[in-house]
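If you're matching them up, the sequences are chains D and R in order.
At the far end of the first sequence sits residue 1131, using our numbering, and the numbering has no gaps.
At the far end of the second sequence sits residue 573, using our numbering, and the numbering has no gaps.
Note that these hints are calculated values from the structure, not bench results.
Some hints could be false.
[To be verified] As a list, the in silico PhoX-like pairs of lysine-lysine whose alpha-carbon atoms are at most 25 Å apart:
hint, chain 1, residue 1, chain 2, residue 2
1, D, Lys924, D, Lys1027
2, D, Lys941, D, Lys812
3, D, Lys1044, R, Lys550
4, D, Lys802, D, Lys961
5, R, Lys551, D, Lys759
6, D, Lys801, D, Lys827
7, D, Lys961, D, Lys1027
8, D, Lys1062, D, Lys1044
9, D, Lys1120, D, Lys1056
10, D, Lys759, R, Lys550
11, D, Lys802, D, Lys941
12, D, Lys941, D, Lys1027
13, R, Lys573, D, Lys812
14, R, Lys573, D, Lys760
15, D, Lys1027, D, Lys827
[Unchecked claim] Distance windows between CB atoms, simulated:
hint, chain 1, residue 1, chain 2, residue 2, range
16, R, Val561, D, Gly1045, 30 to 36 Å
17, D, Asp958, R, Asn554, 40 to 46 Å
18, R, Leu536, D, Arg1006, 52 to 58 Å
19, D, Lys802, R, Ile529, 29 to 35 Å
20, R, Met526, D, Gly1067, 49 to 55 Å
21, D, Val1003, R, Ile529, 48 to 54 Å
22, D, Lys1027, R, Val561, 15 to 21 Å
23, R, Leu536, D, Arg1046, 52 to 58 Å
24, D, Tyr793, R, Ile560, 39 to 45 Å
25, R, Met526, D, Thr1050, 56 to 62 Å
26, D, Ser914, R, Asn554, 33 to 39 Å
27, R, Leu536, D, Pro879, 51 to 57 Å
28, R, Ile529, D, Ser914, 16 to 22 Å
29, D, Ser888, R, Ile529, 36 to 42 Å
The beta-carbon is built from N, C-alpha and C at its ideal position, and this holds for glycine as well.
Given next are the chains, with one letter for each unit.
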Amino acid sequence: MKKHQATAFLLLLLAALVCFFAGREFLTMHEEEAVYPSPHLTIKKRLSDYFPGLKNSPGDSSVYIFEGQKMGGTLLILGGTHPNEPAGFITAVLLVENLEVTQGKVIIVPRANNSGFMHSDPQEGNPQRYSLSTPGGPRWFRYGSRLTNPIHQWPDSVLYVNPAGQKLSGTESRNLNRSYPGRKHGKLTEKIAYAIMQVIDNEKADLAVDLHEAAPEYPVINAIVFHENSAELAAVTLMTLQMEGVDIRLEASPPNLRGLSHREWGDFAKTRAVLLETANTSHGRLKGRPSATLIINGKDKNYMKAAQLGLLFVPFDEDGISLKQRVSRHLASLRALVSGLHELHPDLCIQLDNLPNPIEVQKVGIGPYLTPSK
Amino acid sequence: MIQIIYHFLVLYLTFHLIWFVIREKKFWNQLSGVIVLIMFLLRLLLIK
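Bound-form chain D, shown alone:
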């Protein structure tokens, strides 16, 4: 064997080793964190039970249903539409692990875009996981990407015309919140959107809430984005929240911004569609070094400076905007929405027991409300 051939085999062996270790690291992103449903859970289903086209695909995800003894309204809650917006996902997990419904029905999908949880955004340096302390030890959760994993949906076209007819850039074809009302025979993300529309239709959801987060420099923040069919409900919710001291604003869903949950759920499924936004420092472009600590405590010097310069749409000081504050805000908004629905439509009462108290969550944190690891 010549010298250069020996070098080649050595380098190829080295490449195989790098592939092995890097591959193992990447594959840990496919692991799903444990969720321990409350004993009051009625039934756990999958999105594929509503749309078999998702069966055995990475887009399939758990659907938790809590049904009360008494008839009432039906509420759908989506977390993890964008897996890099942890407050939405953690709020959904908190509800699954604590809730008891005595009247009406609550359906929760914590990992709406399951595929997006299986990778991280390239060149962002985001941590793969973050941990929350519970009385029985830490529990980890995935920090994913805004978009579906390109391993599961490829290629991105240059231009994407979504199912509602809006023209967007190609990568948006992997954004679940641009893919509604979905396509039965479309790309994976469109199929997930189609499955969620089936959940709304089959379960006859009276109110559907999509939990999100956005960068503090983004104007639609600490906001309730509402479809015009839920304008009255959004207004009542706003008043309730303001009376509780929660500073929040209303944003009407623009009729010409198509493919988003708050638009297409209302237009196609005729449900009351609402999207909730909180301010997430780790999501923003002005942040310093990304880390699990930043996700949890939301403290960042650059954002403090940006706030002093008046560039942010939310107050920001040295305390940051912690995950517990953001989750607390989502919980308070959900509670106000349910109470508003009951106020406007007494027949659509949904009685939520054991809902973590938003003020308590702010005080003691999220951990005490999470089931310790088993």
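Please build the complex by placing chain R on the supplied structure of chain D, with the hints as guidance.
Structure of chain R alone, referenced to chain D:
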């Protein structure tokens, strides 16, 4: 179908790269080829 074509394409290019690394006499060119090969292998195995 497009996925299968894509796989064959990546597989073909992977073999070409391996063949290039074996035949190439300059060390730095071999190393460059191997670095590219890592991406191709991870993509071929549908890991990244």
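Ser914/D paired with Asn554/R, Cβ distance criterion 33 to 39 Å: holds (35 Å)
That 36 to 42 Å hint for Ser888/D and Ile529/R (C-beta), does it hold up? holds (40 Å)
Looking only at beta-carbon atoms, does the pair Leu536/R, Pro879/D fall within the given range of 51 to 57 Å? violated (23 Å)
Does the structure keep Lys941/D and Lys812/D at a Cα separation of 25 Å or less? holds (13 Å)
Holds or violated: 15 to 21 Å for the Cβ distance of Lys1027/D and Val561/R? Cβ of Lys1027/D to Cβ of Val561/R: about 52 Å, so the range 15 to 21 Å is violated.
Can the restraint linking Lys573/R and Lys760/D be considered satisfied, given a maximum Cα separation of 25 Å? Violated, at roughly 33 Å.
Check the following: the C-beta atoms of Val561/R and Gly1045/D are separated by a distance inside 30 to 36 Å. holds (32 Å)
Check the hint pairing Lys759/D with Lys550/R against an upper bound of 25 Å on the C-alpha distance. Holds: Lys759/D and Lys550/R sit about 10 Å apart, inside 25 Å.
Proposed proximity, Lys812/D with Lys573/R (alpha carbon, max 25 Å): The hint holds at about 22 Å.
Note whether the CB distance of Lys802/D and Ile529/R lies within 29 to 35 Å or breaks it. Between Lys802/D and Ile529/R, where Cβ atoms are some 32 Å apart, the hint holds.
Taken at face value, is the distance from the CA of Lys550/R to the CA of Lys1044/D at most 25 Å? Not OK: Lys1044/D and Lys550/R at ~46 Å, beyond 25 Å, violated.
Within a Cα-Cα threshold of 25 Å, do Lys961/D and Lys1027/D meet the stated pairing? At roughly 9 Å apart (the allowed maximum being 25 Å), Lys1027/D and Lys961/D satisfy the hint.
In this structure, the hints that do not hold are numbers 3, 14, 17, 22, 23, 25, 27, in rising order.
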